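Chains as they are written, first to last, in my numbering: chain A, 10 to 301; chain G, 47 to 206; chain E, 23 to 794.
If you're looking for bench data, these hints aren't it; they were derived computationally from the structure. This one's a predicted model, so the numbers in the text were calculated from it and none came from an experiment. Don't take every hint at face value.
Restricting the straight-line Cα-Cα distance to at most 20 Å, the calculated cross-link-like pairs of lysine to aspartate or glutamate (DMTMM-like) are [claimed, not checked]: (1) Lys441/E <-> Glu716/E; (2) Lys176/G <-> Asp165/G; (3) Lys441/E <-> Asp457/E; (4) Lys49/A <-> Asp169/G; (5) Lys176/G <-> Asp142/E; (6) Lys62/A <-> Glu118/G; (7) Lys49/A <-> Glu308/E; (8) Lys624/E <-> Asp433/E; (9) Lys105/G <-> Glu90/A; (10) Lys105/G <-> Glu126/G; (11) Lys49/A <-> Asp710/E; (12) Lys62/A <-> Glu166/G; (13) Lys767/E <-> Glu275/A; (14) Lys600/E <-> Asp487/E; (15) Lys62/A <-> Glu238/A; (16) Lys652/E <-> Asp433/E; (17) Lys49/A <-> Asp433/E; (18) Lys176/G <-> Asp713/E; (19) Lys49/A <-> Asp702/E; (20) Lys49/A <-> Glu133/E; (21) Lys767/E <-> Glu173/A; (22) Lys62/A <-> Asp121/G; (23) Lys105/G <-> Asp169/G; (24) Lys176/G <-> Glu90/A; (25) Lys62/A <-> Glu126/G; (26) Lys49/A <-> Asp75/G; (27) Lys49/A <-> Glu68/G; (28) Lys176/G <-> Glu716/E; (29) Lys600/E <-> Glu560/E; (30) Lys176/G <-> Glu268/A; (31) Lys176/G <-> Asp710/E; (32) Lys73/E <-> Asp153/E; (33) Lys105/G <-> Asp108/A; (34) Lys73/E <-> Glu28/E; (35) Lys105/G <-> Glu166/G; (36) Lys62/A <-> Asp169/G.
Away from chain E, derived, C-beta distances all over 12 Å, residues of chain G [unchecked claim]: (37) Leu54; (38) Glu71; (39) Asp91; (40) Glu166.
Beta carbons: idealized from backbone N, C-alpha and C, even for Gly.
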Amino acid sequence: MRPFEHVRCVSAAEAVRAWHDAGNEAAYYAGGTELLLLMKQGLSRYERLVDIKHIAALGEIASTQQGVVRIGAAVTHRRLELSPELQRLAPLISRVERDVANVRVRNVGTIGGNLCFAEPHSDIGVLSLLLEATMTIQGLDQVRRVPAWEFFRGPYESAVEQGELLLHIEFPACREGTRTGYQRFRHHERPSCIAGVLLEPGEDPGNCGRAVVAIGAAGYVPQRSRSAEAALSGRTWREVAAGAAEAAALTAAESDPTEDLTGSVEYKRHLVEVLTRRAVLEAVGRMEEGQA
Amino acid sequence: MKAPRLELHMRVNGRAVALEIEPRELLIDVLRNRLGLTGTKKSCDVEVCGACTVLVDGKTVSSCTYLAFECEGRDVQTIEGLADGETLHPIQQAFVDHQGLQCGFCTPGMIMATKALLDENPDPSVPEIKAYMRGNICRCTGYHAIVTSIQHAARETARS
Amino acid sequence: MHGIGEGVPRKDAWEKVTGQAEYVSDLALPGMLSARIVRSPYAHAWIRGIKTDAARSVAGVVAVVTADDLVGIDPFYGAAFKDQPILAMGRVRYEGEPVVAVVASDEWAAEAGAQAVEVDYEPLPAVLSLDAALAPGAVLVHEEQLRPAGHFHDLSDLAGRQGNIVHDFHFRRGQEPDAIFARPGVTVFEDTVTYPMVHHAALEPYACLADWQGGELTVHTSTQTPFTVRQELAEIFSLALSRVRVVVPYVGGAFGGKCYTKIEPLAVALSRHCGAPVQLCLSSAEAFRTARKPSARVRVRTGVRSDGTIVARHVEVHYVLGAYADVGPRVTQKAGYVALGPYRVPNARIDAYGVYTNTVPAVAFRGYGVPQLVLGYELQTERMADALGLDPQELRRRNLLRPGERYSPDDAPVDANLKQDLEQAAGADWAAVLDEPHTGRGIAISLKSTGAPFVSHAVVRLRADGSATLLASTVEIGQGARTVLPQIVSTALDIPVDQVRMLEPDTAVTPYDQATSSSRSTTLSGLACQRAANDVKEQLREIAGRAWGIDPTQVTVAAGGLAHGERTMTYAEAVRAKFGMNGGEIVGKGSYVGEVGDMPLKGITPFWETGAASVAVRVDPETGEVTVLKARSVADVGKAIHPDLVRGQDEGGLVMGFGHALYEEMAYADGQLVNGNLIDYRVPGFGDVPDSLETVIVENQDGPGPMGAKGVGEGSTTVAAAAIAAAVYRATGVVLGDLPLTPEKIWRAMLGVKARETLREAVQEEVGRIGS
């Protein structure tokens with residue numbers, strides 16, 4: 010690894026300034042689980058690492074009385090996995106986190122790093138879509154908010170521009186009675202396909218009021234399936250179960266898989282269909298068993 | 047650029063250590079090259095195999111992809127710190143007794159990961175063991191004997 | 023006391039669980055330099071020029087070495103042919119080939135120097151597949167006259183190259199199979215399977231520390247073959263063998279990948295160039311670009327009568343050996359020879375070929391070419407049985423070689439009970455699992471000629487206090503040799519095993535041993551150790567006989583002492599009796615030298631290694647993903663000197679084979695290895711191993727080794743992939759022999775069968791269950 014200097018910051022404004030002072034030669038640094046791999050291989054070179062782990066707000070998990078959950082960008086995967094608060098507000102997170110990478114990566118790697126790195130096989134990308142998260146990003150002169158569905162621009166490319174710092178992500182706490190399904194197909198170290206489903210009860214608890222269907226790993230970016238969501242929303246739970254295959258087919262049709270070492274386009278589209286169907290049925294099944 | 051330097055103070059296996067390092071120094075290199083603690087092994091170099099596993103404040107990290115300055119003011123435990131003189135830690139003894147090793151290259155990382163697992167979950171089920179140890183690769187044993195070693199280690203640790 | 027059949031704690035265990043065990047990368051010498059290699063980004067190219075000035079000016083860089091700097095030496099090496107240059111000379115033949123080496127005071131400087139080297143290449147067309155290599159007019163990977171290396175007596179008539187075929191081997195018996203195939207009443211089956219390029223992925227990547235001091239050379243290296251390395255280094259650098267010292271500390275996994283010379287010549291050349299010790303530790307990614315297993319295409323044609331009797335078989339196998347031959351020609355003939363399997367085949371023909379391509383060189387790998395063949399003939403066994411309406415086990419039993427029967431007339435009789443092995447493998451009651459839908463059980467059985475390297479020597483030094491030191495050059499690669507060989511010596515001398523200490527291999531100290539390979543060490547090095555201990559015993563008897571005035575044959579040896587009637591003498595007393603002081607020692611020597619002759623492999627196999635395994639799998643009918651539910655393997659070892667170590671070898675070998683069956687494949691795109699790291703190349707992990715994994719040890723004391731032992735360690739690897747493929751066939755009806763059996767391949771194959779129906783039913787069922 011090339012030499013670099015380490016600048017430890019205690020506020021976001023200070024960090025952004027420290028980045029710009031280095032004139033495009035700096036990188037924000039938190040867990041380093043992705044960044045250091047690139048630097049060790051000489052694929053990325055920086056003169057300065059701007060350490061954001063010591064910015065208090067970036068390390069917080071908080072919820073407002075309005076029911077909004079806020080997770081600081083420097084919160085580690087492991088804290089997401091074990092946080093009692095999140096287990097109450099969005100239990101899907103800890104369920105998914107338990108199987109992200111390995112425990113060492115989860116101990117060190119952060120949610121913000123994962124999002125900004127925008128690795129196509131990331132679980133966090135799918136989670137952020139499922140939870141309808143909004144990302145807050147600080148630049149030199151402004152703070153802006155980007156919804157999750159606009160955040161992922163391409164493989165390894167997010168809405169965070171050069172020099173901008175992701176502060177936190179926010180999402181509404183899951184409503185009472187919300188049920189989720191999450192299916193991951195992992196033949197390699199990183200998943201070939203992920204499908205997540207979130208079903209929220211409507212006014213009539215016998216109905217699915219709102220459905221979110223999100224997939225990832227199959228293509229360059231995680232995506233939502235609006236057609237599947239429309240097909241599942243407003244139906245009775247029995248209809249949701251019966252319509253799982255149809256929703257899955259809609260998701261597969263809407264998906265945009267790309268070929269990589271984990272599978273061909275055709276196979277990944279097939280996986281999207283299988284996993285989406287299973288995720289819908291898992292969510293309905295969990296509801297019947299009274300689990301989240 | 048000229049290499050900046052910084053002071054690092056940490057405890058390694060209970061002993062205070064003070065060193066001048068560069069920011070780019072990885073924990074594994076400080077342990078192996080500066081402190082002579084060569085029990086920690088470098089293998090995959092991409093955080094997948096776990097041969098370089100050490101504990102920082104009780105949590106496992108891949109020391110091959112972890113900057114040494116992160117250990118400022120913290121406690122680092124390596125395989126060398128586990129035994130009490132000639133007396134092996136129950137986890138080490140279980141790996142000896144139940145053939146949890148062959149070539150030995152993955153063993154320090156396996157044992158340190160087991161330590162973190164049992165500190166967190168003293169009585170893990172087999173699925174819990176397999177899930178937690180997912181990030182440690184052994185190419186020799188086929189894992190069966192390691193799972194057995196961990197189960198016995200859990201029993202022994204609970205007893206002691 | 024000796025732990026025979028029970029086991030004693032591994033002698034290396036304490037060091038390994040405390041982090042004290044030393045591997046090459048843990049060693050340091052004063053003034054030691056680090057090295058980094060600049061590797062070719064092209065599969066095949068001319069090197070037009072190399073700019074090293076920028077690299078030389080990097081602070082800390084001591085030397086930038088190219089092939090032009092390798093003066094005054096013979097810069098080629100190779101186990102079969104001297105075809106591999108220490109650094110590429112004018113031309114690169116695979117992506118990842120070493121081109122330039124940068125030596126520096128530390129790793130950072132070496133790395134910065136390596137990044138500053140500029141190489142100008144002119145890319146050439148490359149041959150990347152077997153078909154491309156065999157095509158008429160194919161680009162030749164090597165055009166030069168090949169020089170046989172002379173390291174193996176069984177490779178003494180290497181003929182050299184025809185096109186890209188570097189070596190071929192042929193075996194005939196009885197009549198031409200084609201003539202038999204045409205006879206009435208004979209049904210012919212034909213299957214072609216392919217085995218991918220896979221990498222050993224030992225946890226310890228290649229590492230070497232070379233210290234050139236004038237005409238004296240010391241090399242600490244991670245190798246299975248210290249004496250071959252010594253031989254090659256002596257030849258390259260024109261040194262007397264006595265001036266080359268190769269020392270092997272603990273080795274962090276090998277699996278055949280550390281047989282024969284690898285990075286040692288480069289490390290030595292750098293040390294010689296710089297006049298300082300140089301440590302060369304490859305990364306895991308570089309190890310992927312150093313060695314792999316020979317990939318293969320195997321075509322098996324078998325003629326069988328309706329009762330299941332095999333009447334003729336023709337096997338054609340092509341091993342793809344990559345850019346340099348290494349030991350590939352020997353794999354080609356040694357494995358090719360046993361391509362008929364553990365069966366009686368009266369009319370046979372085998373054609374085996376080793377082929378160059380522009381890929382990573384293929385080397386020895388646990389199983390030595392046999393797993394590739396077993397996949398072909400055992401998958402066919404299952405299919406034949408179905409077509410003939412026979413039970414596959416019955417078909418196997420009908421054709422298996424009996425104990426004492428000969429695979430070929432001049433070779434050693436089969437020293438295993440294959441029927442017993444098969445019954446043990448098939449004997450598990452897995453009905454509860456197999457009653458579930460989408461499951462299947464597969465079985466495979468194999469026979470491997472160990473045709474092992476032929477020479478082992480050992481020395482036992484009985485000290486004045488009655489303890490012993492064992493000098494033998496078997497490398498501790500994880501198999502437990504440093505525990506088992508002392509057990510053998512302690513048994514022969516009848517002293518506690520903790521009284522026997524075995525040194526690490528050091529060619530300047532420990533006696534010659536051809537290789538730690540071929541599952542040979544317990545059996546053959548073990549015989550040498552046993553004979554050395556017996557030699558000590560004979561000398562002790564002489565001493566006691568002289569002291570007591572009786573014939574030495576009347577002296578009995580037991581419980582660590584000598585006796586005749588009422589008279590007894592401890593070993594320590596015997597040594598004192600001989601030398602008249604508290605000093606001196608008794609030195610015993612023992613050897614094993616194999617039998618050489620004019621048979622297919624120019625020698626009789628010292629023993630046959632068998633493999634037999636049964637696995638149960640579930641295949642997800644929609645995704646094609648395979649889950650291994652149960653596994654049972656049979657280790658027919660003659661005598662298990664240390665049963666736990668036998669199980670360790672057998673289980674490890676089986677799971678390694680699962681990786682080849684299901685996950686592992688080095689993927690190439692445009693001549694580049696695109697998954698040469700452990701993120702993208704998946705090896706089996708904790709979650710891939712069934713909770714029920716069992717090794718059955720068969721002990722008939724029918725091996726030639728100490729106490730009737732035979733080798734272990736490769737048998738389960740030879741059958742693992744075949745058993746998985748057979749189980750997938752049983753679970754899905756799909757015959758798929760194109761490894762690895764990835765979910766996508768299985769899914770595609772199932773689509774061709776009746777998978778659509780199954781899928782629809784499964785969906786209906788699941789929806790019905792949840793929606794009701």
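| message | Output the indices of the hints that this structure fails to meet, ascending. | response | 3, 4, 5, 11, 12, 15, 16, 17, 21, 25, 30, 32, 34, 36, 38 and 39
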